[in-house]
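Asker: Spelled out, the chains give:
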Amino acid sequence: MNSLVFAVLALGGMALLAGVALAIATRVFHVEGNPVAEQIDHLLPQTQCGQCGYPGCTPYANAVADGSADVNHCVPGGERTMRAIADLMGVEPKAVEEAAAEPMVAFIREDECIGCTLCIKACPVDAIIGAPKHYHTVIADHCTGCNLCLEPCPVDCIDMLIKPELLEHWSWPLPDTERARTGLKRRSQHAQAA
Amino acid sequence: MTEFALILVSAVLVNNYVLSKFLGICPFLGVSGKTETAIGMSFAVMFVMTLAACASWLVQQFVLVPLHLEYLQTIFFILIIAALVQFVEMVIHKSSPVLYQGLGIYLPLITTNCAVLGVALLNVQQDFSFFSSALYGFGAALGFALVLVLFSGLRERLAAAPVPAAFKGSPITLITAGMMSLAFLGFSGLVKV
Numbered sequence: 034m035n036s037l038v039f040a041v042l043a044l045g046g047m048a049l050l051a052g053v054a055l056a057i058a059t060r061v062f063h064v065e066g067n068p069v070a071e072q073i074d075h076l077l078p079q080t081q082c083g084q085c086g087y088p089g090c091t092p093y094a095n096a097v098a099d100g101s102a103d104v105n106h107c108v109p110g111g112e113r114t115m116r117a118i119a120d121l122m123g124v125e126p127k128a129v130e131e132a133a134a135e136p137m138v139a140f141i142r143e144d145e146c147i148g149c150t151l152c153i154k155a156c157p158v159d160a161i162i163g164a165p166k167h168y169h170t171v172i173a174d175h176c177t178g179c180n181l182c183l184e185p186c187p188v189d190c191i192d193m194l195i196k197p198e199l200l201e202h203w204s205w206p207l208p209d210t211e212r213a214r215t216g217l218k219r220r221s222q223h224a225q226a227a
Numbered sequence: 004m005t006e007f008a009l010i011l012v013s014a015v016l017v018n019n020y021v022l023s024k025f026l027g028i029c030p031f032l033g034v035s036g037k038t039e040t041a042i043g044m045s046f047a048v049m050f051v052m053t054l055a056a057c058a059s060w061l062v063q064q065f066v067l068v069p070l071h072l073e074y075l076q077t078i079f080f081i082l083i084i085a086a087l088v089q090f091v092e093m094v095i096h097k098s099s100p101v102l103y104q105g106l107g108i109y110l111p112l113i114t115t116n117c118a119v120l121g122v123a124l125l126n127v128q129q130d131f132s133f134f135s136s137a138l139y140g141f142g143a144a145l146g147f148a149l150v151l152v153l154f155s156g157l158r159e160r161l162a163a164a165p166v167p168a169a170f171k172g173s174p175i176t177l178i179t180a181g182m183m184s185l186a187f188l189g190f191s192g193l194v195k196v
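Sequence lines, in order, name chains A and B. Each residue of the first sequence is one higher than the last, beginning at 34 in my numbering. Each residue of the second sequence is one higher than the last, beginning at 4 in my numbering.
The set of hints was computed from the structure by calculation and includes no laboratory data. Backbone N, C-alpha and C fix where the C-beta goes; we use that ideal spot for every residue, glycine too. There's no promise every hint is true.
[Said to hold, decoys possible] Beyond 10 Å from chain B on every Cβ pair, some chain A residues (computed):
| # | residue |
| --- | --- |
| 1 | Pro68 |
| 2 | Lys154 |
| 3 | Trp205 |
[As the list claims (entries may be wrong)] Stretches of chain A that chain B covers, calculated by requiring three or more beta carbons in the stretch to come under 8 Å of a beta carbon on chain B:
| # | stretch |
| --- | --- |
| 4 | 35-42 |
| 5 | 46-56 |
[What the hints assert, rightly or not] Label pairs and their calculated CB-CB ranges:
| # | chain 1 | residue 1 | chain 2 | residue 2 | range |
| --- | --- | --- | --- | --- | --- |
| 6 | B | Ile78 | A | Asn67 | 39 to 45 Å |
| 7 | A | Ala43 | B | Gly192 | 41 to 47 Å |
| 8 | B | Leu102 | A | Glu71 | 34 to 40 Å |
Chain B with its partners taken away, still in its complex shape:
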């Protein structure tokens, strides 16, 4: 039980994907303009990352290891995740229009997001069990969601702040992201995984 708690805390706070590993910066900067879209994106990422972690674990254990093709991990995972996300998008479109309205537009965006691929690859490196890797994927997505929503809140305030002309727009956004990363560094002593 402690092991699972450690994995979760480590993935959410200590080894935060965006601020410590610097994965998934593109959606982090791209979709954080408004809190509303950030929340939609967060749920989509949670969904996809957990799924991707499970699928990649299955592929690794039942296809790559028996065939001794571990060196093809990256390309296999890209293939599997992309196909899976497309498939899930279709199923959601058919079965739940409400969920599709909420997640639909974000799903293709994160098909082969580097954070999603990162979860799949790191899971394999860390030799997790099936449940641990699913939890790790979910935790990583939770960390991503936390940071994305916090950052979108900051950016909404920034829009109204008197920013010096030279720093308007992207520069102040990047500086803010850097400061957040510094703040998250404070968690680094919390867990060792």
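In isolation and in its complexed conformation, chain A is listed as follows:
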């Protein structure tokens, strides 16, 4: 009985010692990540779409933080993200580089979809729903228009459509950007129609 208590105490004591040593070591040897890069990473949409030319959101955040990349390469994040990053970095906001001037959304022509699930796997924001051998469809609200689902589709049944500008997503565009011009065009068309 005595030796049993002894064994438990010895092992427990050793474990406690190791635990305390490790806890102290985490404090003493704590490595600061780049705090700016971390903040930028938090601002990015984490879609890991690669449209900025970097292999993910964190590499892009690092590149912005050390000044080797501009603030305006994040396409899914759009203007809001760009402004937040520009604020953080203390630089002038620039128009977001967009291949398409207008926000796009993916649309699956369901009668052509063969239910192969390849686009579901490609979607970085899980905006495509469906099951094997069932039609897939896009949740338009979640789609960032990153085009990543176009490539894997074996039957090319995905279209990129212009995203309707919904009230809940709307914000004033920066003056003299592509988006401001688009908005102006839309409003003038609307006025003509009315």
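Starting from the structure of chain A, add chain B where the hints point.
Answerer: The following block gives chain B in isolation, referenced to the frame of chain A:
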């Protein structure tokens, strides 16, 4: 001096951990896909095994033997090695980013690798002195590294070889490992330890 040389040769070639004792097969098969990762892993293993051999010897001599708790060897060694590797990882992360880039990702992988634990336990069984056990740990790791790098070279060639469909992937890898083990059996008459 001859004793130390014998320990080294025995640990590297004759009683090779992977091919004769069949310890540490998991990293042997897992990390041997590319020579580059195999080399990184090898250095990490060398580092950890030598450290583990020293630490376990100290624990055995100064904690377990005085308290008559030799039957708790295994669990004590697991505890000590795991804590030690974590600690070393933190120190490397802080002090040398370059070394951390090279070893860092492999260190947690081998925290409680059975080969590392095997070194600690066999050291105790063989009643080595402190220096001998450190050398034995280093030798065992050297043997592991040798086999891992050789095997990764073989696997890189195998990737391009016309392997029959039924043997593609894991089967041919295991067969190759078996052949290597057979070849290493040739060393068995070299040293008796």
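Asker: Each hint needs a verdict: does it hold in this structure or not?
Answerer: Tested hints:
no.: 1; hint: Pro68; verdict: holds (17 Å)
no.: 2; hint: Lys154; verdict: holds (22 Å)
no.: 3; hint: Trp205; verdict: holds (44 Å)
no.: 4; hint: 35-42; verdict: holds (count 3)
no.: 5; hint: 46-56; verdict: holds (count 6)
no.: 6; hint: B:Ile78 x A:Asn67: 39 to 45 Å; verdict: holds (40 Å)
no.: 7; hint: A:Ala43 x B:Gly192: 41 to 47 Å; verdict: holds (43 Å)
no.: 8; hint: B:Leu102 x A:Glu71: 34 to 40 Å; verdict: violated (24 Å)
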